[in-house]
Every structure is written in C-alpha cells, then in structure tokens.
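Peer 1: Chain residues, written in single-letter form:
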Amino acid sequence: MQLNGYKPKIVAFCCNWCSYAGADLAGSSRFTYPDNVKIIRVPCSCRVDPVFILRAFGGGADGVMICGCHPGDCHYTSGNYHTRRRMKLLFSMLDYLGIEKERMKLIWISASEGEKFASAATDFMNTVARLGENRRLGDLRCKSKTEQN
Amino acid sequence: MYKCSKESLGALLSAINEKYALYVPKKHGEGSVSSFEAYGDGENMYLSGITDRGIKELFFPQCEEIARFVTANGAFGVKETAVKSGYNVIFGARACDIKGLQTLDLVFLAEPEDRLYKSRREAGIVVSLSCGEPSETCFCTCFGVDPSKSGDIAAIGTDGAYYFEILTEKGRLLIPELSSVCKTTDDDIEAERDKIRAKAALMPAALAAKDLPDKKTDELFDLPVWDKLSAHCLGCGTCTYLCPTCQCYDIKDSKTADGAARCRFWDSCMYSDFTKMSAGQPRLTQKERYRQRFMHKLVYFKENQGIYGCVGCGRCVRKCPASAHMIKVIKELGKADERHT
Amino acid sequence: MQKQNGTELKNKAKQLLQNKTVDRVAGFCAGEFAYDPSPCVFYSAEEIEENMIYDCFCSPNFSKFLVKETKKPGRIAVFMKPCDTYSLNQLITEHKIDKDKIYIAGIGCDGMVDVFKLRNKTGSAILKASCDNGALTVKTPDGDMTFAFDEVLAERCLVCKSKKHVYYDELLCEPSFETDTGRFDKVEQIEKMSADARYEFFRSELSKCIRCNACRDACPACTCETCVFGESSSGAESRENANEFEEKLFHIIRAYHVAGRCTDCGECSRVCPQRIPLHLLNRKFILDINRFYGVYQAGETVGQIPPLTDKNESDPEV
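Residue numbers (our numbering), protein chains in the order written: chain A, 23 to 171; chain B, 3 to 343; chain C, 38 to 355.
Same shape as in the complex, but just chain A (with noise of 0.2 Å):
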C-alpha cells in the first residue's frame, strides 16, 4: 500500500488477548490490511508505555497504533481503562508539542473483529500515507543513509 510511490511505516502494538487475535483472524479470514503495518504483540494494551510509542517514532515509525479490549472487556479488567486515560494525555501533549496528533491511533479490537483490524489498519495507513514521511518526532538517522565517498 502507497501514495505516490511513499510507503510509510506502521507499528501496530496489539493486546494478546483480543487485537492481536483479531489479527490473526483478519489474515485467516483473508482480509487484506496493508503488509507495512508491524505487529508488536503485548499481554494487555496498557503494557504500551509511552516509552515504546516514542521509540518506535524514533526508530523510523511514522505512525503508532495501539490495539486494545473494547472497555469493559479487558482480560485483566481495567487496563484498557488506563490505557485510554495515559493515550488521551500523550496524544495530546504530543499534538501540543506540533506532532500530527493523526499519527496516532489508541483503537478497541476483539478478538472476533476481523475484518476490523484490517478496515482500522487500511483506514490509519491511508491517514498516515497522506501525513508524508515524520519528520518531526523521529531520529533522522534512522531515515539518512550513510554518505559514501
């Protein structure tokens, strides 16, 4: 998947207990999503520290989503809860700091929603793709190749 020959890159962090699942379930039902989002799979969408996010920005992500239990599902029974507060207020420092905020996407997935995940991750690939290359909260090295001379 690409816009004018620009393919960016997508990390998609899914819960174990329904998101990743739903992934799963997305490739075993054949619905495509877009082959440049990676998935990262953690015990519970509030595992996602912050830390992660940014890293995988600075790592050469130009966007982040962060797949969770629909609230009132959880596995653990509030952690998405937690996630939804930490993921408004990073979001929005971040769109405070002047980073597209649409870079970033906090999404609930079952396990059962399939097609879900692949229309979700489809629609934030087509969001990012349109936001260009992040130039704003990476480390450019990542993106430089070595000069050769």
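Please note: incorrect hints may appear among the correct ones.
Result set (EDC-like, lysine to aspartate or glutamate): computed pairs, CA atoms no more than 20 Å apart in a straight line [what the hints assert, rightly or not]:
no.	chain 1	residue 1	chain 2	residue 2
1	C	Lys109	B	Asp229
2	B	Lys201	B	Asp260
3	B	Lys257	C	Glu268
4	B	Lys5	B	Asp213
5	A	Lys29	A	Glu122
6	A	Lys110	C	Glu281
7	B	Lys172	B	Asp161
8	B	Lys337	B	Asp213
9	B	Lys230	C	Glu87
10	C	Lys223	B	Glu32
11	B	Lys29	C	Glu242
12	A	Lys31	B	Asp260
13	B	Lys185	B	Glu9
14	A	Lys123	C	Glu228
15	B	Lys86	B	Glu59
16	C	Lys223	A	Glu124
17	A	Lys29	B	Asp260
18	C	Lys245	B	Glu59
19	B	Lys257	C	Glu281
20	A	Lys123	C	Glu215
21	B	Lys8	B	Asp161
22	A	Lys123	A	Glu155
23	A	Lys123	C	Asp233
24	B	Lys257	C	Glu274
25	C	Lys229	A	Glu124
26	C	Lys201	C	Glu215
27	B	Lys278	C	Glu274
Covered stretches of chain A (in silico footprint by chain C; criterion: 3 or more residues with CB under 8 Å from a CB of chain C, positions within the stretch not fixed) [unchecked claim]:
no.	stretch
28	56 to 65
29	107 to 119
Calculated from the structure, these hints are not laboratory results. Ideal Cβ placement from N, Cα and C applies to all residues, glycine included.
Fit chains B and C to the given chain A structure using the hints.
Peer 2: Relative to chain A, chains B and C alone:
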C-alpha cells in the same frame, strides 16, 4: 597592536566572517541564556559579561559522531568522521575559558591524541576579550588567569576603542582583516589592563577562594566535611556540563538506516551510573561522587598535571541548584589546612 | 517583604530543639553570596544561632530532602512555604515520607527572587541583596539598585497557585487561601498557536537542553530509586542528545512520569541552567487532567488517588 573605534567592531567582525567561520557570544533576549553561536548577521551579540555557556563546546561538543558502521552490498565498513579543514575564529572568549582549553589540552593532546579535538584546536583562532565586568562569582585570578590578556589575539575594550594585540603565530592570520579596519598604534594599554586585573581580584569569590588547598590527597580525602558539603548535592550534571575543564565522555552506538553511528557525548561523574561496571560500582554514594569531582579539580589534577583543574569561571557557583559549589568547597578545605597545621 | 523574618524562625527552631519536640531542624545556612543559601540540618541551638538564615533567596523546595532525612532516626522540624506543603502531601501519599518523623512549621511567603532575572536587571556583580517592604535592594559595584519585588520574582511565584498550607503541625503565619493568578494562561496561549508554530516554539526551547538532569533531580515527584533515564534496559536511557528526538523523548517522558503527581511547584524550571520553561509541559498535563477527568490538584490532601492510577468507565475516548 591594532586599534579600532567601538563603532567599527561590527565592520571588523564582518570582515572576519567573510573569510572564516566566526563564533561570537550571543544572548537572545532577557529570558535566554548566553552562549557562543555563529556570527550570522551580528545581531544579539553579548559582550558585557561572561557567557552562561563557555567555548568548550566549540572544541569538544556535547555530542559528536565519531564513526559510522555501514553495511552495504553484504560488506561491512567503518567510516571515521572526517576532520573539517580550514580555520575558524572565536571572538569574545574570556580568559578563564581559554585557560580551560589549556587544561583540556593536557588531557586530549596527550598520547593517544584525540583526533577530533586536536583538529578543532588547530583550526580555532581564539580572540579573547578583556573581562571588564567581572561577576561576584569570578575567581579566575586565584588560578593565575589574566582576565585582560589571553588567547591568540587579546582584545581589550576601553572607553571608546578596542585594542587588539597579537599573541601567537596563529593570531597573525587575522592581520589582513585587522589591517583593513584598524589602525596600528603604540598606545600603552598596560594601565587599562591593570585596572581589569585589580577589579577581578577584588570580586567576593576571588577573595573567598584566595587560599586554595595545597594539601595531598591523603590529607583531604577522609575529612568529615565532605559529608556536610555533599549533603544536599542533587546529583545533577549542571556543574560538570557548564565547566570549562570537565572532559569526561561516554560512547554509544545508535541505529541508522544502513548500520550504526558511534557518538561520544559528555558524561558526568555526578551521575550514579558514571562508574557502573559489570563488577559493581566503586562510588556508591553521592558523597563519593561529589568528593571525586572537587578532589579531581583541586587535588588530583594538580598532582598529575601540575595545575589546578579549575579556572575560576564561577559558572558552577552561579548555576548549582543546591548551592553546593566550588567556593564553599575551597573554603572548607582551606579550613582543613588550618586544622592540619 | 518576607512575611517571616529570620530571627523569628531561629527562635522557633531553637525552641523546638530545646523542648525536645524534634531532634534536628532543617533550614538554610548562609551562603557565600547574597543569594546562595544551602539547605542545612541543624542539631544545636548554637549552630542555629550562628548559621541559620531565611530570606527571599531561600527558594529550594524542602520536601524532597525529607525523603532521605526521614530514613534517619529521630524527628526533624522543617519550615515550609505553602507550595512546599503540596509536594510534601504528595510524598506522604506515596509513602515516601513518614509523617511521624516530621514536624512542619508553615511559614508565610510572598514569593522568591529569581537570581537569573535579577542578574539580567543589574547587569553587574551582585555584592549584597536584601528584601524589605516589597522591594529588593542590591548593592553592585556601580552603586545601589532597588527593584519592585514583582520585577524579580520567579515565574512560579508570579503565578502562585496557593498561599494556603495544606499540611502543617504549626502555622507561624495567618492562614491563607488558594489564589488564581492565571498559571495556565501561557499554556492556553500556546494551544491556540498553529501546529507549526507550536512545533517551532518547543523545538527551539528543548534544543537548549544540555541533559544535566537537574530538572529530574530537583523534582519532588521524581523519587525513583533507579530512574529510567539512568537504566540502560529501560529504552529511555538517552544521555546522548545526538538530535532533537532524544531531547523530546527525555522531556516528554520526564513530564509524563510525574503527570497527575506534579503539584506544579516549579522546581524544574527553577533549577534549569538553560532556562527552559519546563513548567509548560507539566502544566499542560495538569490542564488536560482538569479538562478530561475533573479538576485535580496533586498534593491537596493526603491519600488522594492520582488521576493516572484512577479510571472511570465514562472517561472520554481518545
């Protein structure tokens, strides 16, 4: 000796800037700190006092890439950062900072020589500016620094004019620029210099620190006063990073698009992980770290290199968030001298 | 114009030692200059008489020192200005300070002087300084200068959130109140700027950072035994400020780790040698918490649940 009017300083600096990369002290408004920056359009120059950040970072930057590791077409290569050629000029440096460079030379230019530092040192033409407005925290005179004369070229500001005296061979490189704006003169400015020296020697910090500890490690290391002095040290790196003579660094590799970049960056002996090794940690408490820093400046460096590792710029005095600064240490160690004799 | 004068505090300190209320007293020792008092611990009336001072330069927040001090045996008395007591409450809530080991005497405060600001105003050496009747008089080599207090007050004091002591064993001043001096104005002003302008503003501010960690080390909310910035396995260790990313990472995470626990005491901005307005990040989190989860002042009472450990099913979606 060259002389130009105060008004023509801009013309002189512009002439130098045409040919060389020129760095001058700048301060962008009241709220901002002062530091050395590229001359640019000459706006926001700050010549009326010591800068918050010194000239050390122009020779030994806070972070610099020293090499790249590249994998291309299945081959692995190491590419050392190239040394830049050509001279650059630093105008407005204070004598304390220049003494700081001489202190760094003892470390970086000793075998094995530091390639990048050496190249910057050779390329840097340092024009000092006499320090007519010392701060109450200045105690450079305690370390034999002459606040009126230093560097490759010594500039001194008097009421209506600037005088430039060339002190080194490298300083002669700027003769064409100096000649284009300044007149040569035989004026005697020694009296002006004496005024500056006398003023600096009378600063409260200089008076407080005039009795530097002249004792050996054994006599000072176990003094109980270290507990008191270090009690409220926060363990931050402010003193270290603003110090013109601190030279410790660490090295780290980071990922790049096609390999890795090796950077070296300032480190601070005040940090808890500074001496961390797989075998453990030799300096476990903040007291030990604090003692290390001040003993290094005032005792170890002198024992090893013959000069103090402090130049009396007073930055740590002004910026320490807990006011656990050098003057207090010097005074307490001075008292220790009395106790021992 | 300090509401509390040094002599009054000295007498109180001596009295507390003499009647065995406490074993030691924390206060300020005179420094070498007019403006550099050191935090000190006094064990005897003689020491207090000889060295203890209190004036408009005694700005460090004492609450963090108590984390270490209360690990020692015995009880310690501390004089606290109103803002310090918020940090103290927060630390008591987090079980970092044992209430039984402290004796807090609340003292009035009309703000503390920002020496950097003062230095900008005098433009020459500060030989002596004294605060009196709403004005600060400074002796310089060029003669005496007098400044209205407002001209030289620290930013955090100009927008002081409260003159009320939220924790004390004894109050040495009249009880006072919370104040509203528009501490969020600047944050709201930045929020109204365009994304590009915001990006440029913070880029230029944060790029001044020299990674000295003073903001972290002075912060009363930063009391981790091992900090993520000093631990190589944390993924946040980044002393190498090779580029803007590392600076942003540090400052976002620093502010984030204290979000919901930050009382807005302003120590971070006070200690920054590069004068980065770090409080603008902390206040953004506070303002967002107020907006999304209801008005919350960290440290207002002991035992509050910080908003980031709390949750509600009806919280707004991201």
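Peer 1: Taking the hints in turn, state whether each one holds.
Peer 2: Hints and how they fare:
Proposed proximity of Lys109 (chain C) and Asp229 (chain B) is supported: the alpha carbons are some 15 Å apart, at most 20 Å. Taken as a hint, the Lys201 (chain B) and Asp260 (chain B) pair is broken in the structure, with Cα atoms around 57 Å apart against an allowance of 20 Å. For a cut-off of 20 Å, the pair hint linking Lys257 (chain B) to Glu268 (chain C) stands: about 19 Å separates their Cα positions. Simply put, Lys5 (chain B) and Asp213 (chain B) have alpha-carbon atoms about 38 Å apart, too far for the 20 Å limit, and the pair is violated.
With a C-alpha separation of about 18 Å, the suggested pair Lys29 (chain A) and Glu122 (chain A) falls inside the 20 Å cut-off, and the hint holds. Between the alpha carbons of Lys110 (chain A) and Glu281 (chain C) the distance comes to roughly 23 Å, so the proposed pair goes past 20 Å and is violated. Our distance criterion of 20 Å between C-alpha atoms is broken by Lys172 (chain B) and Asp161 (chain B), whose separation comes to about 28 Å. As the CA atoms of Lys337 (chain B) and Asp213 (chain B) are separated by approximately 9 Å, the hinted pair is consistent with the 20 Å bound.
Under the criterion of a C-alpha separation no larger than 20 Å, the hint pairing Lys230 (chain B) with Glu87 (chain C) is consistent with the structure, at around 16 Å. Our distance criterion of 20 Å between C-alpha atoms is met by Lys223 (chain C) and Glu32 (chain B), whose separation comes to about 18 Å. For a cut-off of 20 Å, the pair hint linking Lys29 (chain B) to Glu242 (chain C) stands: about 14 Å separates their Cα positions. For the hint linking Lys31 (chain A) to Asp260 (chain B), the alpha-carbon distance of about 16 Å falls within 20 Å, and the restraint holds.
At roughly 14 Å between alpha-carbon atoms, Lys185 (chain B) and Glu9 (chain B) fall within 20 Å of each other, so this suggested pair holds. Between Lys123 (chain A) and Glu228 (chain C) the alpha-carbon distance is near 14 Å, which keeps this suggested pair within the 20 Å criterion. At roughly 16 Å between alpha-carbon atoms, Lys86 (chain B) and Glu59 (chain B) fall within 20 Å of each other, so this suggested pair holds. A threshold of 20 Å between alpha carbons decides the hint, and for Lys223 (chain C) with Glu124 (chain A) the separation of about 25 Å lies outside it, so the pair is violated.
The straight-line distance between the Cα atoms of Lys29 (chain A) and Asp260 (chain B) is roughly 18 Å, inside the 20 Å bound, and the hint therefore holds. Under the criterion of a C-alpha separation no larger than 20 Å, the hint pairing Lys245 (chain C) with Glu59 (chain B) is consistent with the structure, at around 13 Å. Restraint check: the Cα-Cα separation between Lys257 (chain B) and Glu281 (chain C) comes to about 15 Å, which is no more than 20 Å; the hinted pair holds. Proximity of Lys123 (chain A) to Glu215 (chain C) is assessed by CA-CA distance (about 35 Å); at most 20 Å being required, the pair is judged violated.
Proximity of Lys8 (chain B) to Asp161 (chain B) is assessed by CA-CA distance (about 8 Å); at most 20 Å being required, the pair is judged to hold. Straight-line distance between C-alpha atoms of Lys123 (chain A) and Glu155 (chain A) comes to about 14 Å, which keeps the hinted pair within the 20 Å bound. Restraint check for Lys123 (chain A) and Asp233 (chain C): satisfied, since their Cα atoms lie roughly 13 Å apart, inside the 20 Å limit. With a C-alpha separation of about 14 Å, the suggested pairing of Lys257 (chain B) with Glu274 (chain C) holds against the 20 Å cut-off.
As the CA atoms of Lys229 (chain C) and Glu124 (chain A) are separated by approximately 18 Å, the hinted pair is consistent with the 20 Å bound. Of the pairs offered as hints, the one joining Lys201 (chain C) and Glu215 (chain C) holds, with about 6 Å between alpha carbons and a cut-off of 20 Å not exceeded. A threshold of 20 Å between alpha carbons decides the hint, and for Lys278 (chain B) with Glu274 (chain C) the separation of about 14 Å falls inside it, so the pair holds. Interface restraint, the stretch 56 to 65 of chain A with chain C: violated (0 residues with C-beta to C-beta distance below 8 Å; minimum three).
Using a Cβ-Cβ cut-off of 8 Å, 13 residues of the stretch 107 to 119 of chain A lie near chain C, which meets the minimum of three, so the contact claim holds.
Against the hints set out earlier in the document, violations occur for numbers 2, 4, 6, 7, 16, 20 and 28.
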